[in-house]
Amino acid sequence: MNPMLSMADVRKTYATGVVTVDALRGIDLEVYAGDYLAIMGPSGSGKSTLMHIIGCLDVPTAGRYELDGIDVSSMSEKQLAEVRNRKIGFVFQSFNLLPSLTAQRNVELPLVYAGVPAAERRERALAALTKVGLAERVDHRPGELSGGQQQRVSVARALVTNPALVLADEPTGNLDSHSTAEILDLFAELNDAGRTIVMITHEADVAARATSSVHIYDGLLRQDAIGAGAAK
Amino acid sequence: MMGWSETVRTAIAALNARRMRSLLTMLGILIGIAAVMLTVGLGQGAQQQITSQINSLGSNMIIVTPSQTTTSGGFRGGGGAASTLTTQDAVMLADKTVAPDVVAVAPTSSTSGSLQSTDSTWTSTVVGTVPDWLNVRAREVDSGRFFTTAEVNSSAAVAVIGSETASELFTSGSPVGQTISINGQSFTVIGVLASAGSSMTGNEDDTVIVPSTSFAARLSTSSNANSVSSIYLQGKDADSLSAAYQQVKTALLASHQVTSDDADFSVSTQAALVETATSITGILTLLLGGIAAISLLVGGIGVMNIMLVSVSERVREIGLRKALGATPAVIRRQFLVEAGILGMLGGIVGIALGLAVAAILTPILNFTVAISIPATLIALAVSLGIGIVAGVYPASRAAKLAPIDALRSE
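Here the protein sequences line up with chains S and Y, keeping their order. First residue of the first sequence? That's 4 in my numbering, and the numbers climb one at a time after it. First residue of the second sequence? That's 933 in my numbering, and the numbers climb one at a time after it.
Wrong hints could be hidden among the right ones.
What the hints assert, rightly or not - The calculated lysine to any residue pairs, modelled on SDA-like cross-linking and capped at a C-alpha distance of 25 Å, are:
| no. | chain 1 | residue 1 | chain 2 | residue 2 |
| --- | --- | --- | --- | --- |
| 1 | S | 81 | Y | 1168 |
| 2 | Y | 1332 | S | 62 |
| 3 | S | 81 | Y | 1162 |
| 4 | S | 81 | Y | 1116 |
| 5 | S | 81 | Y | 938 |
| 6 | S | 134 | S | 16 |
| 7 | S | 81 | Y | 1261 |
| 8 | Y | 1332 | S | 61 |
| 9 | S | 81 | S | 46 |
| 10 | S | 81 | Y | 1324 |
| 11 | Y | 1168 | Y | 1320 |
| 12 | Y | 1332 | S | 117 |
| 13 | Y | 1332 | S | 134 |
| 14 | S | 81 | Y | 1181 |
| 15 | S | 81 | Y | 1073 |
| 16 | Y | 1332 | S | 14 |
| 17 | S | 81 | Y | 1320 |
| 18 | S | 134 | S | 73 |
| 19 | Y | 1181 | Y | 1150 |
| 20 | Y | 1168 | Y | 1209 |
Derived by calculation from the structure, the hints in this document are not laboratory data. Bear in mind that the values here come from a model prediction, so they are computed numbers and not experimental data.
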């Protein structure tokens, strides 16, 4: 079985004026379909840079990164946008919903950029919102929803394109303990149904809900053995 | 790829979310478009009015006027001196062998006259001419009759007066048959002209027309009784007008023994007058329209400014849209469409404002503000174009934003 996500010696160097920062110094990582991996690390460890590269929001300076069999290490911005649209569902710490749009329109957004016709968009957005338990809230705007509900809308948005990978960046960082539990239950449920999830977090108890986890320190990965490991 | 209808829908939603700002931004375009439409409308209205006035002077008309050109010898003629045109010139031009395409010739002389009737006194322009004047100038007699060639030959003391002159001189009863005094000379009124309105050459209804011979004998103040102030000629038809023009010019040059470089007269056709007037009003229109267009330019800069503000305010939104799969091209198009809609809405409201002001001004100025459909369509296209051009720079800034930088900003 080929990995869903495979990184080989991925490096990222930022040149800010005279100082160059080696944010990633050779990452090797494989994630298989159905995995639920937590990436942990303190701030400044290169955690965000790794998340950006996994999410195709940025390209590595060196190394090879394949997502779902596609080499994305040297793609143009346009091609990256298409890969993000089709292969990745993002869940952000601060939800990143557009405040002027209803929950349903927010969930439809990735489908808009995929060129899906309006009727099909509506249907799929409704289905995704139903899956996260918000069928009653489709016409509410983000301002009319609680933090937990907003994050569930963004999970629905991440699922609506049926992506190869759900990439969650500190998904519970802005939530109270009750909503955190709700969202983590939802992720567990999705993973049980076969969804591949990569979650970036700095909280050990959140990472403990994943089936495996890795730590990143100073731009290098260190394997943990919590569950059925990342190097299956 | 995102469809057009979806792009337009998203753009309208974004503009609607910042309604007040969108309205103020549109105001710049709106005022500019309205100003351009009104100035151009006023110019074209003036052009139409002048053209119709010139055309109302007669049909297929050629006008010969004395000109006081300078020669190496100094000024030809002096102030108030005899005109270089004479009744002999008119007689010569009436000859079919000299100017075969001229059908009527009317030499005219004019002076200011103090008029006196039994009822009142009045001052008007007195014109001495021949019966052909009526045809050449396309005038009609309302009551009574015009004088005849026989009356010209006999220097009869008869006069035909304009409708306004008639009402000023005679408060009741028909003027026809009454006697008036012109500069102390007695004339019998034999007819009243139908009204022709005022033109750029003066009030055509306040005038007294007398036979040229009577004018020369009794009223002329010129040192040469044979001189005339202008000669009006009528060409056979529109097609032969330029041939008639050439015949008149050649004949006069020969009889005055001058070359066209030092000609002591000038010949112009109605078409040439219209052309001159049109080019003058055209230049004025262009000038005023140009000034108004500057306000349109300022409006366009306003759109660009607001779009730039909008891009920096919506960095997070742009980042999110990119993360969810919007390509740089889609983001660019999104902002271009927003700017285009701002421009076009401003244009539509501006056109409506221009039409409304034109409708209000027309009766007030007693002057048609001519706003044509092509001008309206051009205004609409220009406003859309300004919006899009103003949107290019902000849109490419938005398209170039890196998604991680955009998402990071809080």
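Distance restraint between residue 81/S and residue 1261/Y, which requires alpha-carbon spacing of 25 Å or less: holds (8 Å)
Pair hint residue 81/S and residue 1073/Y, alpha-carbon separation not exceeding 25 Å: Measuring from Cα to Cα gives roughly 82 Å; hence the hint is violated.
Given pair status - residue 46/S, residue 81/S, alpha carbons within 25 Å: violated (30 Å)
Satisfaction of hint between residue 1150/Y and residue 1181/Y, Cα-Cα up to 25 Å: violated (31 Å)
Restraint check for residue 1332/Y with residue 61/S, where alpha carbons must lie at most 25 Å apart: Distance ~14 Å between residue 1332/Y and residue 61/S Cα, so the pair holds.
Residue 1168/Y paired with residue 1209/Y [C-alpha distance capped at 25 Å]: holds (24 Å)
Straight-line alpha-carbon gap residue 1168/Y to residue 1320/Y, limit 25 Å: violated (55 Å)
Pair hint outcome, residue 1332/Y versus residue 117/S [Cα-Cα no greater than 25 Å]: holds (20 Å)
Pair hint residue 1332/Y and residue 62/S, alpha-carbon separation not exceeding 25 Å: holds (16 Å)
Given hint residue 938/Y paired with residue 81/S - CA-CA distance at most 25 Å: The given pair, whose Cα atoms are some 19 Å apart, holds under the 25 Å limit.
Pair hint outcome, residue 81/S versus residue 1168/Y [Cα-Cα no greater than 25 Å]: violated (74 Å)
Given pair status - residue 16/S, residue 134/S, alpha carbons within 25 Å: Given pair residue 134/S, residue 16/S is violated - Cα atoms ~40 Å apart, limit 25 Å.
Checked against the numbered hints listed earlier, the structure breaks hints 1, 3, 4, 6, 9, 11, 13, 14, 15, 18, 19; every other hint is satisfied.
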